[in-house]
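Here my numbering = 1-based position in the sequence shown + 9.
Treat the hints with care, as some may be off.
[Unchecked claim] Below, computed lysine-lysine pairings styled on DSS-like, alpha-carbon distance capped at 25 angstroms:
no., residue 1, residue 2
1, Lys219, Lys160
2, Lys158, Lys170
3, Lys157, Lys97
4, Lys246, Lys97
5, Lys163, Lys182
6, Lys160, Lys170
7, Lys246, Lys160
8, Lys163, Lys219
9, Lys170, Lys246
10, Lys170, Lys182
11, Lys183, Lys246
12, Lys157, Lys219
13, Lys183, Lys158
[What the hints assert, rightly or not] Between beta-carbon pairs, the in silico distance windows are:
no., residue 1, residue 2, range
14, Ser123, Gly185, 27 to 37 angstroms
15, Thr93, Lys157, 37 to 47 angstroms
16, Ala208, Lys157, 17 to 27 angstroms
17, Thr92, Asp124, 37 to 47 angstroms
18, Leu249, Ser123, 11 to 21 angstroms
19, Glu232, Pro186, 16 to 26 angstroms
Keep in mind that the hints were calculated from the coordinates and are not lab data. Think of the CB as a built atom: it goes at the ideal place given N, C-alpha and C, for glycine as much as any other residue.
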Amino acid sequence: MKLTRTILAPATVLGLCIGLSGACGSKKPPGTNPPGETGGGDGGSASGSDGDGGSVSDGDGGDGGSASNGDGGDGGDGGDRPTTCDAKVADTPTLIFGDLVMLRPPVGVEFPPSDDPFTALAVMSSGFLSACDGNVKRVIITKYERDKKRKPAKLVEEFIKASLEPQGYTGGKKSGPYVDTDTDHHISLEYGAGGGSEAAVLYVAVSRRKDVDFVLVFETVPEDFGLLKPTFEESAKSILLVPQG
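Take the sequences, apply the hints, and build the full model.
See the structure below:
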């Protein structure tokens, strides 16, 4: 039976904490329920369309001139949306997990204040408009005590089995590693639409910082992933523990 995907629900994080050895703890993370996947997805797609419209509206104002580049705008609509995009993360790091961790999130993504010691969640029903008008559906960061016997690549595999698959993320197409070092391992998983869920791509990254392992999940739609991948990679690499004392 295919489950509706609910990877970012706080209850899911609790399940992951229980499922992974040496995970975050037994306290149930507080927080409100995220929007329904189907409803949220519709909003996210609409936001993505708005982003395209935004490019066109840029063309509305000065785009007598822009349109002249495409002369008549025949290929203008297709040309407005880039096929590649440089990484665009926030200029100023965001503090998460109190003041213990800092991260440069994808531009446009905001984490609300939270006293949850194990998870940081950024979610909006329509998604966040980010780099090159790509839509970031949501971002979740989970913090674990480092297990020296478990390499980052192994933690990614355990995360997929212990958290993603029970939540309906099954049968996805897994990429090869984009980043594969002693401290960082990044992959993506693409899932088709079905079972009440829209198509989605998850960028999953493990970042090992001293005695802490972070698992970061960035969600978007397949058509925006190529634009946002550099941003997701840059953001995941930016996570750092704030020096104490």
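> Which of the numbered hints are not met once you compare them with the structure shown?
Replying inline: The structure conflicts with hints 3 and 16, although it agrees with all the remaining ones.
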